[in-house]
Amino acid sequence: MKDVVLADFDAATGAAGLGPGTRTASPALAGAVDCAASWDSFGDVDDTRTAALVTGLTGRGWRVTHRRTEPAVAVTLTKGTWTRVLAHEKPTGATGAPEHLSLLALRSGPACDEEFKKDEEFKKAEADNHPSV
527 MKDVVLADFD
537 AATGAAGLGP
547 GTRTASPALA
557 GAVDCAASWD
567 SFGDVDDTRT
577 AALVTGLTGR
587 GWRVTHRRTE
597 PAVAVTLTKG
607 TWTRVLAHEK
617 PTGATGAPEH
627 LSLLALRSGP
637 ACDEEFKKDE
647 EFKKAEADNH
657 PSV
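To convert, count from 1 in the sequence shown and add 526; that's the numbering used here.
Hints were generated in silico from the structure; no laboratory data involved. Source: prediction; values computed, not measured. Heads up, the beta-carbon is just placed ideally off N, CA and C, and yes, glycines get one too. Treat each hint with caution, since some may be false.
To be verified - Here are the simulated distance ranges between beta carbons:
1. Lys-650 / Pro-617: 15 to 23 angstroms
2. His-592 / Pro-617: 35 to 43 angstroms
3. Thr-581 / Asp-654: 41 to 49 angstroms
4. Glu-646 / Asp-560: 37 to 45 angstroms
5. Glu-647 / Asp-573: 32 to 40 angstroms
6. Gly-543 / Asn-655: 21 to 29 angstroms
All chains should be built: construct the whole structure from the sequences, respecting the hints.
Written out as structure tokens, the structure is:
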């Protein structure tokens, strides 16, 4: 099923005119490779392309379940056991930073829920071992 999610990423981002993104993964989720998929892009991002991306995803069977416009555009979509969050962040002020678009899809179910729990425990242990100064 993750292959379908990734194919949806590729088709919808391509149709929206978004340049190549980067597929990213948390090393802590190595055991959950079938439970999470992510994609990030900096640069060719704007409101029109973000709207086209949402349209492309709904055309591929994703259903919008939540939408927020401030402080950043965020749309939550679901398809089967997957929940996808699309976030479009715009830099504030004259920073010159590019706009950022991220897609994160997480699969629900007992096996994935257990892997995500392990990920949270890993993050907590890392934080405990490397406290902020």
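Just pull the numbers of the violated hints for me, sorted ascending. Hint check: 1, 2, 4, 6 fail, others pass.
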